[in-house]
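Trainee: Chains as they are written, first to last, in the UniProt record's numbering: chain A, 1 to 159; chain B, 1 to 159.
Treat the hints loosely; a few may be bogus.
To be verified - Once the Cα atoms are required to be at most 25 Å apart in a straight line, the calculated PhoX-like pairs of lysine-lysine come out as:
no. : chain 1 : residue 1 : chain 2 : residue 2
1   : B       : Lys117    : A       : Lys107
2   : B       : Lys128    : A       : Lys107
3   : A       : Lys107    : B       : Lys131
Please keep in mind that the hints were generated in silico from the structure rather than gathered at the bench.
Number of protein chains: 2
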Amino acid sequence: MTENVKQAIQDEYPEDFAWCYGCGRMNKEGHHFRTGWDGEETVTYYQPESEHTAIPGFVYGGLIASLIDCHGTGSASLALHRKNGFEPGSGEEPPRFVTASLHVDFKKPTPQDTVLKAVGRVEEIHPKKFKVAVEVFAGDAVCATGEVVAVVMPASFAK
Amino acid sequence: MTENVKQAIQDEYPEDFAWCYGCGRMNKEGHHFRTGWDGEETVTYYQPESEHTAIPGFVYGGLIASLIDCHGTGSASLALHRKNGFEPGSGEEPPRFVTASLHVDFKKPTPQDTVLKAVGRVEEIHPKKFKVAVEVFAGDAVCATGEVVAVVMPASFAK
Numbered sequence: 001m002t003e004n005v006k007q008a009i010q011d012e013y014p015e016d017f018a019w020c021y022g023c024g025r026m027n028k029e030g031h032h033f034r035t036g037w038d039g040e041e042t043v044t045y046y047q048p049e050s051e052h053t054a055i056p057g058f059v060y061g062g063l064i065a066s067l068i069d070c071h072g073t074g075s076a077s078l079a080l081h082r083k084n085g086f087e088p089g090s091g092e093e094p095p096r097f098v099t100a101s102l103h104v105d106f107k108k109p110t111p112q113d114t115v116l117k118a119v120g121r122v123e124e125i126h127p128k129k130f131k132v133a134v135e136v137f138a139g140d141a142v143c144a145t146g147e148v149v150a151v152v153m154p155a156s157f158a159k
Numbered sequence: 001m002t003e004n005v006k007q008a009i010q011d012e013y014p015e016d017f018a019w020c021y022g023c024g025r026m027n028k029e030g031h032h033f034r035t036g037w038d039g040e041e042t043v044t045y046y047q048p049e050s051e052h053t054a055i056p057g058f059v060y061g062g063l064i065a066s067l068i069d070c071h072g073t074g075s076a077s078l079a080l081h082r083k084n085g086f087e088p089g090s091g092e093e094p095p096r097f098v099t100a101s102l103h104v105d106f107k108k109p110t111p112q113d114t115v116l117k118a119v120g121r122v123e124e125i126h127p128k129k130f131k132v133a134v135e136v137f138a139g140d141a142v143c144a145t146g147e148v149v150a151v152v153m154p155a156s157f158a159k
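The shape of chain A in the complex, shown without the other chains (with noise of 0.2 Å):
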């Protein structure tokens, strides 16, 4: 399976919101995940590395917590953006989301030899504030859950 999001929220953020170990483009060592639209629904693939093992055969559950991570404020970045009437590739500058919370609920082992895909329903909480209810599949099972509370990034960090 070679999944791909064409259109990816994270290709857009500014440089120097980009270089998140999980999502940013331009961090070398990163995860470089990478989250679209898919209909209503928003999706991330990722492929994990050799070395990304809970126990030999399957995945390390904090990186499935940071997949899970990543693809809510992404998910929440698409759909502000959405509401403000853009969608990625417009060439506007998508709103920056920090994670306030973050849960996981492991399902069962995951596959280490899959791809594995986020699948997230993004819910308005708040103007600043939304709910990601993320589903992570392997195959077609879900081997995890998860709900990420995400709020716009406070001026305050873009010093």
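Given chain A's structure and the hints, the job is docking chain B onto it.
Mentor: Frame of chain A, contents of chain B only:
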């Protein structure tokens, strides 16, 4: 600050279960989190690497989630080991846990240049299920709090 854990539970996991990207001593690419007792609390120290950024100068949330996750399973292992009459260093093989759920509340931006200290308080909620409340400090500031529910690793993992 060069705080260190002298007797870590992860030092005594059997080799087959020491490959965790977060806390496995055999995983050359991993974080090598090490968790030990500090009185009745548990503690893990970690200096984030330069690439573990959220935005430049601040630590990536997924790294903090990973620290809380492994600190939680390590703390649960310490607690059940102690209940069974053993301390790290005794030579007895400790019980191994997996994460059922992970919750993180990000309280404030976490500075990149400071050793992080995760502190845990462990509560048994079932003979095979432990809840660990975690605070992550950078210096004197609590940057994140979390909760891990950890369960004894099912025998089916040990094939």
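Trainee: Now look at each hint and say whether the structure bears it out.
Mentor: Cross-check of the supplied hints:
1. B:Lys117 <-> A:Lys107: violated (28 Å)
2. B:Lys128 <-> A:Lys107: holds (17 Å)
3. A:Lys107 <-> B:Lys131: holds (17 Å)
Hint violations for this structure: number 1 only, all remaining hints satisfied.
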